[in-house]
Structure formats: C-alpha cells, structure tokens
Amino acid sequence: SQQGEEDPQALSIQEGENATMNCSYKTSINNLQWYRQNSGRGLVHLILIRSNEREKHSGRLRVTLDTSKKSSSLLITASRAADTASYFCATEASYNQGGKLIFGQGTELSVKP
Amino acid sequence: DTAVSQTPKYLVTQMGNDKSIKCEQNLGHDTMYWYKQDSKKFLKIMFSYNNKELIINETVPNRFSPKSPDKAHLNLHINSLELGDSAVYFCASRGPDTQYFGPGTRLTVL
Chain A
-13 SQQGEEDPQA LSIQEGENAT MNCSYKTSIN NLQWYRQNSG RGLVHLILIR SNEREKHSGR
47 LRVTLDTSKK SSSLLITASR AADTASYFCA TEASYNQGGK LIFGQGTELS VKP
Chain B
2 DTAVSQTPKY LVTQMGNDKS IKCEQNLGHD TMYWYKQDSK KFLKIMFSYN NKELIINETV
62 PNRFSPKSPD KAHLNLHINS LELGDSAVYF CASRGPDTQY FGPGTRLTVL
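One line per chain: the protein sequences are A and B, in this order.
In terms of my numbering, the first sequence opens at residue -13 and continues consecutively.
In terms of my numbering, the second sequence opens at residue 2 and continues consecutively.
The set of hints was computed from the structure by calculation and includes no laboratory data.
A portion of the hints provided could be inaccurate.
[Claimed, not checked] Lysine-lysine pairs mimicking DSS-like chemistry, simulated, CA-CA at most 25 Å apart:
{"hint": "1", "chain 1": "A", "residue 1": "98", "chain 2": "B", "residue 2": "23"}
{"hint": "2", "chain 1": "A", "residue 1": "56", "chain 2": "B", "residue 2": "10"}
{"hint": "3", "chain 1": "B", "residue 1": "23", "chain 2": "A", "residue 2": "56"}
[As the list claims (entries may be wrong)] So the derived list for chain B, only partly shown, Cβ under 8 Å to chain A, looks like this:
{"hint": "4", "residue": "40"}
{"hint": "5", "residue": "44"}
{"hint": "6", "residue": "97"}
[As the list claims (entries may be wrong)] Calculated Cβ distances over 10 Å to all of chain A for the following chain B residues:
{"hint": "7", "residue": "56"}
{"hint": "8", "residue": "71"}
{"hint": "9", "residue": "99"}
{"hint": "10", "residue": "103"}
Quick reminder that beta carbons are idealized off the backbone N, C-alpha and C, glycines included.
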C-alpha cells in the first residue's frame, strides 16, 4: 500500500501544551502537505513543505521534513480547544501522477480546555 | 462564494440502487479529484480529471463512473451500490500548490 503512516493515532493534551504529530511516507515526493479535518467536515489545507525545504512555519504551526528518512512532523504550539480535529499528512509524488495526494492515516488530536 | 461544493451532503440508499454525487468548483482550476474516506478515516484517491479528461483511475470498480461535463464540474455516478460503498466521498480541485476539498458526501448503503 502507498498509504503513509502517522503517529500517534490519537493525542490528548491540555490547552496551552504543544502537540507533535509525525508522518512517514514511502515514495519520492515533490512536496508534503498537512491538512486538518474537523469532525464531519471537509479537509482544510494547513501548510505545504517542498522536498528541498527542511522546515517551515506558519503562525503556531511548524513543519519539518527529512527526505532521507522519508518523514515529517507537525508541531502545534500553545494549543487551543479549537485545534481539536484530525490531522493528515499528504504527499505529492515526484513522478507525474496528476498531482494526486497520498494520505497518512491521520492523528486525532483532542485539546482539553 | 463556496469554492468547492458537493451535493447531496447525505445520501442514504438501498443496496443495488444507482446514485450520483455532484461536485462544482468556482476556482477556475483545471484538475479535479474524487477521494473516498472510509470508516477508519483512511483517505484514498479514486479519480482525477484534468480539463474534462480522465488522468487517474485508481483501480476503482467500474460501477463507479466519473463524468466531467466541463472543467468546473466532476460528478460521480455509482451503479449497483454495495454495502462496502458506504463512506464519505470528497471532491477536490487542485490549485497551484494545494488541493481544495469540498465538504464531503456521506453515503450510507443499507
């Protein structure tokens, strides 16, 4: 299966704490993206990191990419109850695959007030 | 001003029926996708169209037939529905870097 893997599968933290989610993938990539999915809703794009980048920041989000290990991590700092959602990493392959995304299994984050 | 819209949001039907899900994007993108999210939240691509042409078909059963009347629309028709087709189906369109997802259609086959 091309499906990526994420860990942990579930993460429960208190408001104000940091949350770290990890993602591993299998193929060579153009980029890796993180998406958030609130319960019963569609996916919302959070951040994209290209294969030649190692770290990227966006607000309270920090993403790292290690292409030698085929892994990425998403750090959410100073978490809020509103961050409660499922988080997915998705990779776009470097060979021409029509831009399709291969998703990880997702991490369910619960932030308790 | 919804970017990617899908109808219906919920679809409950009996096994063996034929149903359609519609998707429209107003972003001017050329490429659109259908993804399936199962009960364990695994998301998997099904189809991709670029400017009305099929470019990805991920070994989906031929009971599933996508149709793109124009580049803003990508519909999904499913024949002879089976229990295993129960899932959430997401439409997406591709921008310069990212994909924009619709709100999903929850299909329940009884």
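Please verify whether residue 98 of chain A and residue 23 of chain B have alpha carbons no more than 25 Å apart. violated (37 Å)
Over 10 Å to the closest beta carbon of chain A is the bar; see if residue 99 of chain B clears it. Residue 99 of chain B not clear of chain A: closest Cβ-Cβ about 4 Å, inside 10 Å.
Beyond 10 Å from every Cβ of chain A: is that where the Cβ of residue 71 of chain B lies? Check passes; 18 Å lies beyond 10 Å.
Given the hinted pair residue 56 of chain A and residue 10 of chain B, is their Cα-Cα distance within 25 Å? violated (36 Å)
Hint consistency between residue 23 of chain B and residue 56 of chain A [alpha-carbon to alpha-carbon, up to 25 Å]: Cα-Cα ~36 Å, so violated.
Is the nearest Cβ of chain A still more than 10 Å from the Cβ of residue 56 of chain B? violated (4 Å)
Verify that the Cβ of residue 103 of chain B lies farther than 10 Å from every Cβ atom of chain A, and report whether the claim holds or is violated. violated (6 Å)
Against chain A, with CB atoms and a cut of 8 Å, does the hint on residue 40 of chain B hold up? Violated, because the Cβ-Cβ distance from residue 40 of chain B to chain A comes to roughly 13 Å (cut-off 8 Å).
Residue 97 of chain B as an interface hint toward chain A, with CB separation required under 8 Å: violated (10 Å)
Answer holds if the nearest beta-carbon of chain A is closer than 8 Å to that of residue 44 of chain B; otherwise answer violated. holds (4 Å)
When the structure is compared with the earlier hints, violations turn up for hints 1, 2, 3, 4, 6, 7, 9 and 10 and for no others.
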